[in-house]
Amino acid sequence: MAVVVLTVVTIMSKPRSTGTTDGSDSADQTTDDSSAQSRAENGDYHSVSTRDEKDDARKIVTGEAKYTSDYASDFQNLAHAKVLRSDIAHGVVTDIDVTAAEEVDGVYAVLTPSSGEIPTKPYTSAGQSYPEPSPRDLRVLEKNPRYVGDPIAAVAAKDVSTANTAVERIDVTYDEYDAVFDPIEAMDTEAPQIHEPDDIENILPGADYERNIEAQVSGEIGDVDAAFDNAASNPDLTVVNSEWETPYQSHCVPEPHTTIAHRDENNRYHLITSTQVPYHVRRQLAHLFEIPIRDIRVTKPRIGAGFGSKQSMVTEPITLALSMAADRPVKLEATRYEEFHAMRLRRPSRVQLRSVVSDEGELEAIDMSVVSNSGAYGPHGMTASGAIGKKPLPLYTHTPNIRLDVTAVHTNLPIAGAFRGYGAPQGHFAVEGHMDDIAAELDMDPIELRRKNLIGEGDIDVASKILKDGSDYGRKIHSCGIEECIDRGKDAIGWGDIEQPDADYLHRACGVAVATQGSGVPGDELGAAHIKMNEDGSFILQTGAVDIGTGADTVMSQIAAEVLGSRPEDIVVQPSDTDISPFDYGAYASSTTYITGQAVMKAAEDAREQLLEVASRLLDEQPTALSVGQGEVYSTATNNSVSLKEIGHGSIYGDKKRVQVMGEASHSTDESPPPFGAQFVDVTVDERTGEFEINELVHAVDCGVAINPDLAEGQVTGAVHMSYDLAVRSGLEFEEDGTPTVKRFHDYGPPRTSDQPPLTPILVETHEPTGPFGAKSIAEVPTNTVPPALSNAIRRAVDVRINELPITAEKIKTALDDR
Amino acid sequence: MKLNLTLNDEEVTLSAAQSDSLLDVLRRSGYTGTNRGCDTGGCGFCTVIVDGDAIKSCLQPAFKMDGATIETIEGLGTQDDLHPIQAAFVDNAALQCGFCIPGMIMRTKTLLESNPDPNENEIREALYGNFCRCTGYEKIIDAVQDASDRMKTDVNSAVCDGCGCFDGGDNNE
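Here the protein sequences line up with chains H and F, keeping their order.
In terms of numbering that gives the first Met the number 0, the first sequence opens at residue 0 and continues consecutively.
In terms of numbering that gives the first Met the number 0, the second sequence opens at residue 0 and continues consecutively.
These are calculated hints, taken from the structure and not from any lab test.
One or more of the hints may lead you astray.
Said to hold, decoys possible - Some chain H residues flagged as far from chain F (calculated, every beta-carbon gap over 10 Å):
#  : residue
1  : S72
2  : E175
3  : E219
4  : L441
5  : E483
6  : K601
7  : G653
8  : G717
9  : G730
10 : H745
11 : T807
To be verified - In silico lysine to any residue, SDA-like type, Cα no more than 25 Å apart, as pairs:
#  : chain 1 : residue 1 : chain 2 : residue 2
12 : H       : K65       : F       : D38
13 : H       : K142      : H       : V97
14 : H       : K58       : F       : S18
15 : H       : K742      : H       : R353
Claimed, not checked - Simulated DEER-style distance windows between Cβ atoms:
#  : chain 1 : residue 1 : chain 2 : residue 2 : range
16 : H       : Q499      : F       : D50       : 49 to 57 Å
17 : F       : T77       : H       : D170      : 50 to 58 Å
18 : H       : D523      : F       : T68       : 50 to 58 Å
We put the CB at the ideal spot given by N, CA and C, even for glycine.
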């Protein structure tokens, strides 16, 4: 009997398809019947909105994907770095003795704050825009430590264990100061002062370092005080007050921050680094080390995820300084303990909300006051703190009177930075919890209350600009599927249909919260793309888009293929490299698909125009009669066609005019269309113990057109996982002297396969007219809403409000006992 | 010190220092598909198979490995000829950044060897030690179930002459 191992045979098809690894769903263009009629039947759009295989999937599953650390073997004389970090929360280094460290065999360099390679000027680790909105308040090595974890000294040695030994032999003498760990206490004039303003470059409004205030900003629409005065004397108006608190959250980023720095054969500095922002890193290193931009190259390999953690330049400056001092390539890879305390975290926040609402449930005023804890330094401080208010408030932009006050405060705790959602999760917890408080106060269905007040398509949103000076006009909402998100989410979770458990001490209920975000930073982004045609009809696409695991490269290839009538697998996307790729602001603010995607679309259109000219010569027809599709150019007049392969070959080797087909484009915009989402949580609470079990998490999201539904769904489930983590697992604990107690994954306890509740993503597609093929963003918006939806569900189940994260059985039990 | 190993079906000798973990030795020897996420056994990114068991190689002192039979991700399929588990992860879009995936696949391999037809709960219990921060696990669970189906199909196909007697079979007359 013949033995046939079918799977082995069939999975040998060409990598990347829109179907399965056996290629069964993939149209083979070389044998396709390419009549104009069949083209029309297949539709114009066959690359966009397909579940195209992620372009790095095969190298990931075979272990061939190369992350920064995997480049170590490219450097024969590579040194390994370790950082000595402060073990006091506040003080000054009065002496550092590095003699014993330098004597360790195999040590190449030991750096302290006074070493010549360490810049004296301050910098910010925030890689966001230019000029940097964050204060320049960090130093590469610090002689005035302000939290347990501040870098004091660094070592490069022949291997990691030698570097560790040397670090242990550095003798540091501190003069210790009083420290402050609570942001409210830190604003007291008697509190220890953490920063000297003369040492900092800070352009932010409201900075008051004597009170440890990094920045303070406010904005108002209408007249909030008058609205509350009116409410005091009007029995038809109700005032609702609430308070909310969120703790630190760790990204738990899989790949630790890692950098390899070396001087290359052209005497330029080259960094291979796990970053979301290669171009910001290049600019900031040039500024910090006073090296010309042209002499720095930043290469982004595969990235083991970012979530905002790698939107901060953390390991790069130390590694570069060590490579200069050791005069050899140096690799620095953060430890997991460093990830939990010395990289970046989500900022803790306290939010006070009060509102005026009519008996019919119409919002008359919202007054929101935010105090956030920046920790010891201020990267992303003002911008992320402002986002706590200005991200969720547009949901209720019709409210005639809105005020937002934001204060970012320093403490002697770890540094807050960027984190997926960027303030919006903290703000949505407050705003969406508050909406349920209002509904309860009015005895109104929480969905009905929202429907009376929510933003919709065609509306002008003014709330997102509340913190901008002189902005008396808003942004038009071109697409909004929030109503459908609510309807479909409600159906999926079974809102109103759930059955109560048999046991009388168990109570089950659903909770809801809605969400919004942006698609890039309006007016503060630039994406660019370059695409060239090869002689076999394939294309090389260069963009600065930084694929950090999301699948951005795949999405870019789909957009380009759509325009060119090609296949995504015939678009080779090159990873971001500042020497090669066009400029890009980087992977943050949910910008990549929307901003860089449009640059790719325009560059591909530019290339298409050129290849149509080549085709017109080959077919001897007018370019205006030609269209692309199915891997060829065809004439709508004569139905004659020529394949992309023939065009590519003809353009370069042909008898007629020779030309390199190459398109290029930039894209920047003041638009940032908001995606929308609706989160539903189904929970069962045990009233005896406060223990709760989440039966299901449903998130319906309007991301415009999903360029790749598989990748979009993955963004939703991943974001909801992180939102669930914020809801029930977040928080770092410290000893009384500020020493972190969360050092390992086990201490933090992020959700695992066995305790992650089931997630159901629902894509509600709208068409965003300003986006590439109708797309807007998706990566962040589902991160915003498990905390309020869960808290709201618990309230509906057992009538207690948990307004402080993480939500725990103990807190519920205490609230039940106090009821 | 020298370690004699059977590594991905090859007899190899790797050098190791006394303080090295198995992960240190593997990565230094070019087996970089096995990733380092924590060095404390908390993430499972470094999961490899030693003598048939999935273990976290960061916790395994290298010197104890002499004579062991070790499988790493490099020993499975290639990009043009994926192992069924790898193919299932690709087809189910069960990956994003990918840093956890090699460990996840190696753990899945031992699961399916001991339990070829696991239910969802058994999958979730088996992968407890393999952390993923990107996916929310949904598509990973789907991929493991799909891999289980594919490997059962493999067993069927080994005795089928291509008559189309099972789903996915091909009547190659």
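These are the hints, each one checked on the structure:
1. S72: Not fine: 7 Å to the nearest Cβ puts H/S72 too close to chain F.
2. E175: 29 Å, holds
3. E219: 39 Å, holds
4. L441: Fine: 35 Å to the nearest Cβ keeps H/L441 off the interface.
5. E483: 22 Å, holds
6. K601: The claim holds: H/K601 sits with its nearest Cβ about 27 Å from chain F, beyond 10 Å.
7. G653: 33 Å, holds
8. G717: 5 Å, violated
9. G730: 17 Å, holds
10. H745: For H/H745, whose nearest Cβ neighbour in chain F is about 5 Å away, the distance does not exceed 10 Å, so it is violated.
11. T807: 21 Å, holds
12. H/K65 / F/D38: Holds, at roughly 19 Å.
13. H/K142 / H/V97: With a Cα-Cα distance of about 14 Å, the restraint between H/K142 and H/V97 holds, given a limit of 25 Å.
14. H/K58 / F/S18: 31 Å, violated
15. H/K742 / H/R353: Violated, because 38 Å separates the two Cα atoms, which is more than 25 Å.
16. H/Q499 / F/D50: 49 to 57 Å: Check passed, 51 Å falls within 49 to 57 Å.
17. F/T77 / H/D170: 50 to 58 Å: 52 Å, holds
18. H/D523 / F/T68: 50 to 58 Å: 56 Å, holds
When held up to the earlier numbered hints, the structure conflicts with 1, 8, 10, 14 and 15 and fits the remainder.
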